Each structure stands twice: as structure tokens, then as C-alpha cells.
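Peer 1: As they're listed, the protein sequences go chains A and B. Okay, so the first sequence: first residue is 1139 according to the working numbering, each after it adds one. Okay, so the second sequence: first residue is 26 according to the working numbering, each after it adds one.
One should not assume that every hint holds.
[Claimed, not checked] Below, in silico cross-link-like pairs of lysine to any residue (SDA-like), each with a Cα-Cα straight-line distance of 20 Å or less:
#	chain 1	residue 1	chain 2	residue 2
1	B	K52	A	E1400
2	B	K45	A	E1399
3	A	K1468	B	R137
4	B	K257	A	L1461
5	B	K204	A	I1499
6	B	K52	A	K1421
7	B	K257	A	N1462
8	B	K197	A	K1434
9	B	K45	A	I1391
10	B	K257	A	D1459
11	B	K45	A	Q1397
12	A	K1402	B	K257
13	A	K1421	B	K257
14	A	K1423	B	R137
15	B	K197	A	D1459
16	B	K197	A	S1463
17	B	K257	A	V1460
18	A	K1434	B	T131
19	B	K197	A	N1462
20	B	K204	A	K1434
[Unchecked claim] Which stretches of chain B does chain A cover? Using the computed rule of at least three CB atoms under 8 Å from a CB of chain A, they are:
#	stretch
21	31–37
22	176–187
Calculated from the structure, these hints are not laboratory results. Remember, it's a predicted structure, so these values are computed and weren't measured experimentally. Cβ atoms here follow ideal geometry from the backbone N, Cα and C, with glycine treated the same way.
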Amino acid sequence: MKTMIKILSRYVLSAAAVAIFLLIINFTVLAAWLFQSAREYGKNYTINQMADGLTLSNGKFSLSDPIATELDQHQQWAMLIDGKGSVIWNRNLPSDVPLTYTLTDVAGLSRWYLRDYPVKVWQYRNGLFVVGDPKNSMWKIGLELPMKTMDNSRFWVPLFLILNLVTAVILALLFGLRLFLSLKKLTTGIEDLAQMKPVSLPSQGILGDLASGINHASAQLIRQETALNKRDNARTTWIAGISHDIRTPLSVIMGYAGQMEEDKALTREQQELAVIIRSQCQKIKALINDLNLASKLEYDMQPIRKEEIHLTPLIRSLAADVLNSRISDKHTLDILIDENAQNIIINGDSQLIRRAITNLIINSMKHNPDGCDIKIRISSGSKTALLSVTDNGSGFPPQTLERLNQPLEPMELDNHGLGLTIVRQIINVHGGTASFSNPAGGGCRVILTLPVLPL
Amino acid sequence: MNDIFDCKLLLVDDEPELRKMVGNILKQNGFKKIIFAADCSHARFMFTSEKPDGVLLDVSLPDGDGFTLMREFRTISAAPVLFLSARDEDENRLLGLGLGADDYITKPFLPRELILRLHAVLNRTYFPAVLNPKEKAVFYLGETRIDFNSGTVNSAKGIFTLTAKEFALLEKLFENKEKIVTGDSLCLAAWGDPLYGYENTLMVHIRRLREKIEPEPSDPMYLITVRGLGYKLVGVTLS
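One chain only, chain A, in its complex shape (with noise of 0.2 Å):
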């Protein structure tokens, strides 16, 4: 509705401001024409002037200088017929021209042609001053109207305008509702071709072209869509099968691995050596874990199952099972609930977030062997919670804190695992976020927003 307005609207304003700059040039350029039209013809005087130069003394007529100078430069004639019809003084009165004239030839001459040449006359005493022009130089025209009409003009001639305005903006309106209804269909299909809908518009119309043009764009969209999907799954799948195959010889070296460490019979340096064996294979296992887990995040295929989960209760029991299961020794973990964070309640899938903030957690004391300090602590801003993760040890590597800062690149792999991918996920499909930084005072920080529920 909002857009039909727009477009009426310039519609409208357009077309008037077409009308009215049409007028203005009109008007310009006939104002122009008859000034400079005025301007050739060049003449200095009106024919009473000139009447008026012919002076009669001692009975002879005679034309004052400027006046007989204008009329020989224009190659123009002058004469005076007396009352008897007879010419009594002329200049320049072509051979053409007769010398006597009859009433009736003295009402012809009045308004139009004499000879062909073009002639203005002006009563002079008791006879008639006449001035003609070359022949073929002038166009005259007579106008009579009826006293009823030209009274009426005045109510007819705003009318006339009044009505052309109405009409050039119903036509305008009428054009701008086409544009608008055609262009209507077009933006539902550019949204639907968003939204990654088939798309389908009538191609007849003046925006014909466009709309076949958005048609082959939505088709071509869904092909790769599929293609894309067919792909995701495929690799999923695939990742999910390697993932199976790999884990039944791995569960027979670490059976083997598990019955020797603990076989009396071998010397004390075979048992560590099957401990280290066992611990390598729980790594790959961790590894392939997470692998799958990432794979199936990125694709939407890893099932959540969300509930209300109150956040803080969840982050106390997994920081008691971290400092339970004795990870280390030399590292600490301290938890911080600000008071009003206390009862945040998120909709979530439990063990998704636990692992991240697990890994957060891993993280941390993986990179700082020597041992740091880890501080988790919850508060509550307006819509979200903020969970931050922070160490003192040495913090991440500039190259990976800018990685951990742009968006998700599909399936990243760096050479410490998946662990701060599948937090990014996690958190994404949660519909919060994540951000990493070094703060100045060393160490590294992780904050993660969530979206709670409202109390």
C-alpha cells in the first residue's frame, strides 16, 4: 500500500511538473518568437506616426526626413487618396498601384490587400493615408468572434484548463496503478526468490523480460539448492560412515590397549606404553566424535532437543564435573553468578551447551599446559544472558582469534581440533553469539550470549 502511494504519487507530481515545464517553454519560446518576429519587421513607426509626419504647406504635402528615410529602407510605399478618391501625393508608389479609387475599391483596401501588397491605412484630414508593404511580406488575418462566445471564455477557458489538469492526472493515476500492479507481482516474486520459493510470474507486459528473467534466476536457485543439498548430505553421510567404520578396529585396539595395561604379567614400561596407546586411541575417538558433530551441526542434521533449561544450575554441575574428574592440577576454575543472572532460564538443548562451555573450558587448559586460572561468569543483560570464559594464560594466537571473529566458514578444520567450531555452531543454533578476544590484561576471553526466556 505504502509503495502504491510512492509510486502514485510521483506519478502525479511528475506529470504536473511535465505540464507545467511544457508551459513555461511554450510560453518562452512564443514570447521569444513574436519579440524577435516584432524585432525584424524593425519598424520604428505606427502608421498615425507617420500620418502624422505628412505635413501640407503652400499646398504641398510633405513627408519629414526620419519617416521617408524608414519607409525607403523598408522598401515601403505610402500614399494619399483624397475624398474623391483621386491620389494627391505619394512616395515610392509602385507602377502597379493605381491612381483612382472607388469606394468600393477604398473598402477592400481598408483591411487586407491592395495589389497584393500588404496595406494599413489611417484617415488624414479628409482622405486616407495609406502605407503598403512589399508584396509576400506580410499575413493578415481577420478575427471576428460572437460577443456571447468571447464572454463565455472567461468561464470556459479555466474550465478547458481545469479539465486538462484532471485529465493528465486520472491518466497519470490510471498509468501509475498499471506500473504499480505489474511491479506488485514482481516484488512478491524477488521476496519469494529470497526465501529460496519457486517462482513462477506471468511474463506478458511491459515488464515481461524482467519477470521471465526472475523465473529462470528462482530455477536456477533451486537447482543449486538442491545440488548444495544433496552434496551437505552426502559428505554427512559420508563423514557418519568413516566415523562407524573407523570406530570397530579402533574398539579392539583400545580393548587390547585396556587388557594390557592392566595384565600383570607385563613389565611396568609395557603397561605405560598400552596406557599410552589406550590415550591415544580415546583421542582419535574424541576426534571422530566431534568430527560428526560438526559435520551434522553445520547441516542442520544434528537432532536439538530444546527445553528450559535454568543456565546456572548446568554451569555449576559442569564445572563440578571438570574439577571433579581431576583434568589437572594447575589449573583453577572459579564460577561468578551475578545476582540477577541467578535464575536465566534459555531454551536449549542441555547437552549441547554443556559441551561447548566444556570445551571452552578444554580449551583453555589445553593451550596453557603450565597451568592458568579459568573464570566463568554469568550475568544478564536485557533479552540475553552473557556467559564469559576467561583465562589468564596465553592467550589465542592472532591468526586464530581473527579466524574465531568472522563468520562460519563451512567444515573449518585448524590444527587444534574442532573444539571452538562446534562452540560456534552450538551457539548459532541456539540463535546467540560468540565472540573471542585477548584482553589487555592477557589471557584470553571468550563471551557467548544466549537468548533467554522471559521469568
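Model the placement of chain B on the given structure of chain A, informed by the hints.
Peer 2: Below, chain B alone, put in the same frame as chain A:
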């Protein structure tokens, strides 16, 4: 059947090396009767002819899947089934469908893990009393003797009786001795509710508990506060 080691176990897996390895583990851990099957049809035959007391079942088998096979077994006998799964999706199905599997373990697994789970499953099915002993724990914190049977604390300061809440808290801490127990799970144990709003009440009860079990309640040695998380019971000696 005198104990779980008399149970006859059926191991179904298509990988011969894995069968051999698991069979080894089971034998080393005292299980005497172990039978094997490599696929569904063989497993069906063994199940009906040998009537095993427990089944270790691979989820993906060459001629079918373990879930369907388990449903068939369940129509014949109530023998517990422990799944061996190699795919994350299996976990989702196990949790999602509520198939009634007794337990599952994801490959690769540690021998100890497998044995622990198997013990639990078999005990639950055949010797449920073993898991719920009538006899409750008796333990010492230094010189102080705590008896959960009578709910009493016997220390140099005298004999105290534990209130119901103190008992619940101490029992929870004792079950997880040497480990941090979050305030949330303590409240859940004592009041059936997580922490929200119970912090002060919990602190009051912990203080009273300390007065009974600690020689110096203001400077606790056994019931330690873990700031921000909860509490931890340390220095427990049994009998």
C-alpha cells in the same frame, strides 16, 4: 544361578576381531559361559536354542539392525540387552524411541567400562537386592563416627541425631565423597527442588550439620565449601 558370573552371555557382532576381543575381556573378568553370533539369523538361532541370560548386541548387523532383533528377543524372554553402537545416530534413536534397551555403550570403549555396565545390567535384572542393601553405610570423619542406619553422629562432643534434611544432605555428600556436589543437587536431594531460593536455607542446614560433624565448625576440615559451586565431603574413612 549364584552370581552374575553364572549368566550365559550372547555376543552378537559381525566383526570377528571384536568378538574375540570382547570374549577375552569377559572371560578375564570371570564370565564363564559366552556364546557368539555374527549376524541376525545366527543370533536368532542361538537365542532360542541356548537361552542366554544376557545379550551384548551390535546395532548394525549385515542382515538387519539390532533394534529390530531386540524386539524379537523381548517377545521370547526378558534377558537384558546391552547395545554396542558405533554411530551417534544410534544414541539418538535409543534415547528418542525409548526402546527399552537396558543400556548401551558406544564404540570404542574401555574394557573396564564394558564390564562395569554389564555388571550393573545383570545385577539389576537378577540380583536387584544387591543394589539396595538393607545395611546402610557407617563411616568416620577423623574420630567422629557417622551411622546412617541410626542416623546418629558420635563424636568427642557427644552423640547427635541427624534431622531428616541433614541426613539427606550428608547422604548425598557421602555418595559423592571427595567430589564437589553442587548446591543445586544438594537442594534437589533435601527438598526435591533445585537451588533457586534455597541458598540461605541450605547454608543454615550446612552450618547445623557442621556443628554436629566438625570438631571446629567455624573452620571445617571435612565438609568443605567450594565457592560458587557447592560443597565437598573429604577425609572419609570407612570402618
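Peer 1: Does each hint fit the structure? Answer for all of them.
Peer 2: The hints, checked one at a time:
no. : hint                : in the structure
1   : K52(B) to E1400(A)  : holds, 14 Å
2   : K45(B) to E1399(A)  : holds, 18 Å
3   : K1468(A) to R137(B) : violated, 28 Å
4   : K257(B) to L1461(A) : holds, 11 Å
5   : K204(B) to I1499(A) : holds, 19 Å
6   : K52(B) to K1421(A)  : violated, 28 Å
7   : K257(B) to N1462(A) : holds, 10 Å
8   : K197(B) to K1434(A) : violated, 38 Å
9   : K45(B) to I1391(A)  : holds, 12 Å
10  : K257(B) to D1459(A) : holds, 12 Å
11  : K45(B) to Q1397(A)  : holds, 13 Å
12  : K1402(A) to K257(B) : violated, 35 Å
13  : K1421(A) to K257(B) : violated, 30 Å
14  : K1423(A) to R137(B) : holds, 17 Å
15  : K197(B) to D1459(A) : holds, 15 Å
16  : K197(B) to S1463(A) : holds, 18 Å
17  : K257(B) to V1460(A) : holds, 14 Å
18  : K1434(A) to T131(B) : holds, 18 Å
19  : K197(B) to N1462(A) : holds, 15 Å
20  : K204(B) to K1434(A) : violated, 34 Å
21  : 31–37               : violated (count 0)
22  : 176–187             : violated (count 0)
In terms of the numbered hints stated before, the structure departs from hints 3, 6, 8, 12, 13, 20, 21 and 22, listed from lowest to highest.
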